[in-house]
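Engineer: Here is how the chains run, residue by residue.
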Amino acid sequence: MEDIIQVENLTHTYGIGTPFERSAVKNMSLSVRRGELLGLIGHTGSGKSTLIQHLNGLLKPTSGRVLLDGRDIWAEPKKIRDVRFRVGLVFQYPEYQLFEETVYKDISFGPKNKGLTGDALDRRVRESARFAGLDEDKLGKSPFALSGGQKRRVAIAGVIAMEPEVLVLDEPGAGLDPRGREELLEHIRAYHTERGNTVVLVSHSMEEVARYADRIVVLSHGSTLMSGTPREVFARGSELTRAGLDVPQATRIAMELRKRGMDVDPAVYTVEELRDALLAMRKGGAR
Amino acid sequence: MLKDITLGQYFPGTTLAHRLDPRTKILAVVCYIVAIFNCHSAWAYGLMVLTLVVSARVSKVSAKALLRGLKPVLFIIAFTAVLNLFYTPGTTLWRWGVLNVTHEGVVMAASMIARIALLITGTFLLTYTTSPIQLTDGLENLMGPLKRLHAPVHELAMMMSIALRFIPTLIEETDKIMSAQKARGADFESGGLVQRAKALIPLLVPLFISAFRRADELATAMECRCYHGGEGRTKLHVLHYQTRDYAVLAFYLALAVGVIVLD
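First to last, the protein sequences are chains H and L. Here the first sequence is numbered in my numbering, starting from 1 and rising by one per residue. Here the second sequence is numbered in my numbering, starting from 1001 and rising by one per residue.
Rather than coming from a laboratory, the hints here were simulated on the basis of the structure. These numbers were taken from a predicted model, which means no experiment stands behind them. Incorrect hints may appear among the rest.
Stretch-level coverage of chain L by chain H, calculated; a stretch enters the list once three of its residues show a Cβ under 8 Å from a Cβ in chain H [said to hold, decoys possible]:
(1) 1060 to 1072
(2) 1180 to 1187
Below, a list of computed lysine to aspartate or glutamate pairs in the DMTMM-like style, where the Cα atoms sit at most 20 Å apart [claimed, not checked]:
(3) H:K112 x L:D1187
(4) L:K1198 x H:E100
(5) H:K60 x H:E8
(6) H:K114 x L:D1216
(7) H:K60 x H:D119
(8) L:K1176 x H:E8
(9) H:K112 x L:E1231
(10) H:K78 x L:E1104
(11) H:K79 x L:E1104
(12) H:K283 x H:E273
(13) L:K1064 x H:E21
(14) H:K60 x L:D1175
(15) L:K1198 x L:D1187
By construction, the Cβ of each residue, glycine as well, lies at the ideal position given by its N, Cα and C atoms.
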């Protein structure tokens, strides 16, 4: 698969020339492949949020490059707005950005900025509302009358409506109850499979990323620690723990069982896989 | 971009300026401002600049940080200077149509620029080296006598410290919302005046909502901790003047008196 986004030796330093100077991202390189659902994971302060704001040109690299389809996004600084339509970024707690009188109008803010009107606009608003899991009857309501979870869906729909080639979501499930979280992520997965678009899911929850991502990039202290399929990454569970990250519960159990001398595959990461691995072990032992 | 606005920002440190009693620093700034407004000659302005430079060196605040504080008021400075330049009567130096530049006007404009710039940077030095809490603590203490007149001194001080405390938070919030709207293709930088004003709606509405939400949450949190105003409230850190405070105060007082008497 070809790369849609490449990050090359990216460094970003905040507050240059003040006593608060600090590098949030240091010499980081990674790539996002076209059509994949990439999980981006790291502890608090690992540079996740800083990194993703470079992907759509909200932040300018202190050094290094960000390539979209092989072209440096800062090659023509005047056209940076086009990059923002191509790489849709949903911030953490995006519900705080809502401002319009109705949900419909709020979702149409992005596509309108892109220059869409009439039927094309209407189609996008309705379609993205569906992708985000919003009912039709919510469209006429004030976004401020909705519940927290619904508001978040409106905000996500507002970005999907721009039909970006890459959708980047920063902790979309943060602050939602477990069911709301799962529903939301299922909607994102459905969007990903139906559209075949690239999705970057930023999270600090291993369980979440393990369940949804095709590939995982692990960030630690502002640079890339490792990347690979969930299986490859969780096979290096002890390294993850050392980097201050959690491994999924299933992986942790497998790791502990191995420590106690049982021959369990340590790269399992879902409950179902762990079950199969344990059953296989029992069969093997009975033989 | 917005993070460049340093209004009311505190740079932590351990220099002499940081360790001074906040009351000393407030009074010193008051003396300094009085002195600025009584300056007439060039040597007096020179003395003011020198005082500022020395104070900045002592507080280890870089010139860059100080000058950056001037950026937001650049327009006001320019505006005042231009008004003074053209509308001060006196001996004409240069004339073009209705525009009339006088010798007095040039002097006035230059001194206005110097005054505003010194005023702002001098005050910034105070906020750079004094945390908002210390600052309001000092102010509350200095305004203490007004309590006799039933002025709500504590409440005012509390309001001020909350306001100061929330400036950076609101700036950060503005930055965040701005980024979020930019990510949706909002354009804050181009277009005419009307278009730009309209572009601010997606920024201001969420900002107001979040400011109200924060205020509400803060009020609840304060009530939960049984806050009930200044009545009978004691302090953890009681302010005490040290020798260094008397020395600094004496210096600034001398500066103000000296400028008034001699210039």
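Engineer: Given the proposed pairing of H:K112 with L:E1231, does the C-alpha separation stay at or below 20 Å?
Structural biologist: Status violated; Cα separation ~55 Å.
Engineer: Holds or violated: H:K112 with L:D1187, Cα cutoff 20 Å?
Structural biologist: Within the cut-off at roughly 12 Å; holds.
Engineer: Please work out if H:K114 and L:D1216 have their alpha carbons no farther apart than 20 Å.
Structural biologist: 36 Å, violated
Engineer: Counting residues of the segment 1180 to 1187 of chain L whose CB is closer than 8 Å to a CB in chain H, do you get three or more?
Structural biologist: holds (count 8)
Engineer: L:K1198 and L:D1187: Cα distance at most 20 Å?
Structural biologist: 10 Å, holds
Engineer: Can you confirm whether the C-alpha distance between H:K78 and L:E1104 stays at or below 20 Å?
Structural biologist: Not satisfied, since the Cα-Cα distance of roughly 46 Å exceeds 20 Å.
Engineer: Just to be careful, I want the Cα atoms of L:K1198 and H:E100 compared with a cutoff of 20 Å; is the pair within it?
Structural biologist: It holds: about 13 Å lies between the C-alpha atoms, which stays within 20 Å.
Engineer: Can the restraint linking H:K60 and H:E8 be considered satisfied, given a maximum Cα separation of 20 Å?
Structural biologist: Holds, at about 13 Å.
Engineer: Hinted pair, alpha-carbon criterion (20 Å max): H:K60, H:D119. Please report holds or violated.
Structural biologist: Status violated; Cα separation ~36 Å.
Engineer: Can you tell me if the segment 1060 to 1072 of chain L counts as covered by chain H, using C-beta to C-beta distances under 8 Å and a minimum of three residues?
Structural biologist: holds (count 3)
Engineer: Hey, H:K60 versus L:D1175, does the alpha-carbon distance stay inside 20 Å?
Structural biologist: 15 Å, holds
Engineer: Under the criterion that the straight-line Cα-Cα distance not exceed 20 Å, is the pair L:K1176, H:E8 satisfied?
Structural biologist: Violated, at roughly 25 Å.
Of the numbered hints given earlier, the model fails hints 6, 7, 8, 9, 10, 11; all others are met.
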